[in-house]
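2 protein chains.
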Amino acid sequence: MSEINGAQALIRTLVDCGVDTCFANPGTSEMHFVAALDDVPEMRGILALFEGVATGAADGYARMSDKPAATLLHLGPGLGNGLANLHNARKAKVPVVNIVGDHATYHAQYDAQLQSDIKTVARNVSGWIHTTERPEDTGADAAEAVAAASGPPGQVATLILPADACWLEGGIVAKPHSLTPRTQVDSELIETVAKHLLSGEPAMLFLGGLALRERGLAAAGRIAAATGVRLLGETFSTRVERGAGIQPIPKLPYFAEAATAELAGLRHLVLVDAKSPVSFFAYPGKPSDLVASGCEVHRLAVGGDDANAALEALAEAVGAPATCPTLAPAARPERPTGELTPDSIGQALGALFPENAIVSDESTTSGFGLAHHTAGAPPHDWLTLTGGAIGQGLPVATGAAVACPDRKVICLQADGSALYTIQALWTQAREGLDVTTVIFNNRSYAILNIELSRVGAKTGGTKAKEMLDLSRPNIDFVSIAQGLGVPATRATTAEEFTAQFERALATPGPALVEAMIPGIG
Amino acid sequence: MSEINGAQALIRTLVDCGVDTCFANPGTSEMHFVAALDDVPEMRGILALFEGVATGAADGYARMSDKPAATLLHLGPGLGNGLANLHNARKAKVPVVNIVGDHATYHAQYDAQLQSDIKTVARNVSGWIHTTERPEDTGADAAEAVAAASGPPGQVATLILPADACWLEGGIVAKPHSLTPRTQVDSELIETVAKHLLSGEPAMLFLGGLALRERGLAAAGRIAAATGVRLLGETFSTRVERGAGIQPIPKLPYFAEAATAELAGLRHLVLVDAKSPVSFFAYPGKPSDLVASGCEVHRLAVGGDDANAALEALAEAVGAPATCPTLAPAARPERPTGELTPDSIGQALGALFPENAIVSDESTTSGFGLAHHTAGAPPHDWLTLTGGAIGQGLPVATGAAVACPDRKVICLQADGSALYTIQALWTQAREGLDVTTVIFNNRSYAILNIELSRVGAKTGGTKAKEMLDLSRPNIDFVSIAQGLGVPATRATTAEEFTAQFERALATPGPALVEAMIPGIG
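So the sequence lines, in the order shown, correspond to chains A and B. The numbering of the first sequence is my numbering, which starts it at 5 and goes up by one. The numbering of the second sequence is my numbering, which starts it at 5 and goes up by one.
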């Protein structure tokens, strides 16, 4: 290209920076970006029917590839539609280059229909925000956005892109920034923590983020073997590597009462790429801070620290064995029979998980028991709802499948939360993504049936109950999936589910199994 | 109720203020609000599966009832999901009491998973924002929110509602504020405008907002009869009353070239509850401001002005006849035959529109020709996409049907934009709403196929074309609708469409007709 426009320079720079995937839901103001996709063959554009699919897919992609994808959204309302899954991405600390098209710079003054304050909306989810004013700057701004997104830690970097900055000639391709390495944790802090762990006082390593990968877990297992420290993982983690041959890690329970019990009696809580544990929601008369009184909290690795190097250094400091002695043994449950329940589904998952699967888990109440059935399955990654904004499971599965085309993605999806971003199925069909979705259909917002009484609200009211009920009318996920181009079947017994799930796993491309399970509440 | 909690006081106050409908997608932090629905029987709670359905329904409800409904959204991500249709409501200047639940006040400090800066996100769409801190204040704040939402003009008033302000006892029911009347336009301004209209110089009344109701149109028709002033309506209006016996009003064309031609040669442009016309998007080398050079712009009625009283005063000032002589005659096209196209669909609509229908129109490219076929149909209301944030048609239809249970709602819905808020169909089924939806399925983002070349982008690229294409895989709206509980049929000829549409109109409750029309681009 001799003379190129701003959009061409932008996309060329993104590719040069390693960002070669763009999850897009464009509009008129993004048409020059879209046209420029054909000028940069290395950039893959993936269309989403809804922005929350695009942003959630970018999250899933980043979780599995450890690098950002780009999004392409249409002005403030498009960003609004993508906001919930950007919130989840922010809480997951994954890199996302979030590109929001805007009116041409000179058009903003006219307050046309789609005019809005994009920057204000973006602020809530973005660690970095910048508006590109001129075509000469698109390349440099893109390179800076990639660097900002990459961190460490990863974050959402929002680039606001006026249409004229794209369409005008004068684009300049920019060089990638060199990536910032993670910070090495101070050896004095490691020695201090080691001393506490060797003191014999009740202590726990609370692991999150990168520490839940195999490397960090192995080091944590070695530390536990040497010191007796307990290991616990955060409730909602970006990515856990687990299964046979990996150090297993229990999770902090979701409900605050159980979580408090889990943390009771500790003298030392060592945070490793995790926040100090707090209750997900507040409940009348119950504490939000879950740390036991008298427990000292030590921040071993935070933010951009190299958590896994810190764990390995800690292992050395406590004189840990060279290898982890407590890796999970290979073990699979029997295929289930009889009633179809979350538990029998868990058995089927454990019996059938393929090697190297990726699990996108938004099973909410149905998922409470899935972990133990799959603990000895072949190694797999488990991705969860990091920010509590439901509608994440299907998009994250979509992005993970794009990032890892050679691996099977299994999406464990509650019915209510599926319906926020159900459009993801179409993108899976369009791109031929190898995703098997399991819908846990209990015909209710079951979690709210539980929470309604837990928060101390009266539970008897008919109108209140109706607000938690999805059975009037029943939702037919088989029909919806087929309408969006994904083959689907319905299972009502454990045997049916197991057979259908096995067939879906054996067939390349997307498939959905609707699991009819008992209701709650 | 002797001792009541904050949620009970809030809902009681809303009802006392005339707000008796709440479109809700609640979560744990809203459970006390939900529980309190049973304590105030007059409040109707309507569940949506996605927040954009709730906010768009509140918009449609307000358009048809001229008073606000409440929403109930779940923290920042829920607000984010509802933002696009709140943007449309803002541009429509309709009243919405937008209630966003939040963590308990003391919980915010812990930065739990769902913590975010709700106020910042709300700012973009809200004319009024307030956070209720104490149960004693929920009633007073609710009354103030209703007053703020009601305007004039109407606006989105966002009330952020921490969970503990709901659950704590001490709620106090507040009295409704008296509503602010619209401002009467100064008689001097009316005389000035009258003088210009009587000058013989080329002039136009550009009508928007309330001026597009029957009353304003009748006055405008009288003024035109006396002065020869041309009448034009804004392109995207909140609500137009039209059909047989009502003064017809052409609309400013969507594309800037045609709009410029329409406004060429004017010396006086009189704005009546309308903004000065600007291009929807910016296009390279084309002006954004559509007003001809040398044309003087007069703001007859803006903001909270009483536009219709101003038009009537203007009619007197120009010596207009007492009745409007140019009302649309009753006329219906023949039933169409042959190929199914937007045009033949328009014919079927004109032939079959029932008395007093409400049309929610998000037909985008397919809708360009629908107006003339329905111009002589029985009187009806026509609601359009005021803010350009697609995904509005189905939710607005839903809310309009709730507001007007005795009227048939017809939703004219493009395929691409349907998929942002398709979950609205389920609420229609659940509530038995009398909505007939027509999906214009051309298997593409047709508007973008047009815009791609209009913005001057190269059009040849395969990847660019794919980003506008919805045919891989084709989307089956009949399956999706059935999956969401709405009966649906597919039409491929004009005869099939007419028969199916007629049957849907004759059957109470929701129905969907998928119209397979030729693609564009």
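Be careful, since some hints might not be right.
Claimed, not checked - Only pairs whose alpha carbons sit at most 25 Å apart, straight line, appear in this in silico SDA-like list of lysine to any residue:
hint	chain 1	residue 1	chain 2	residue 2
1	B	K467	A	C408
2	B	K469	A	Q113
3	B	K255	B	R303
4	B	K467	A	Q113
5	B	K290	A	E435
6	B	K279	A	A112
7	A	K467	B	P45
8	B	K279	A	Q113
Treat the hints as calculated values from the structure; they're not laboratory data.
Tested hints:
1. B/K467 to A/C408: holds (22 Å)
2. B/K469 to A/Q113: violated (31 Å)
3. B/K255 to B/R303: Holds, at about 19 Å.
4. B/K467 to A/Q113: Judged against 25 Å, a Cα distance of about 33 Å means the pair is violated.
5. B/K290 to A/E435: violated (37 Å)
6. B/K279 to A/A112: Within the cut-off at roughly 14 Å; holds.
7. A/K467 to B/P45: holds (9 Å)
8. B/K279 to A/Q113: The hint holds at about 13 Å.
Checked against the numbered hints listed earlier, the structure breaks hints 2, 4 and 5; every other hint is satisfied.
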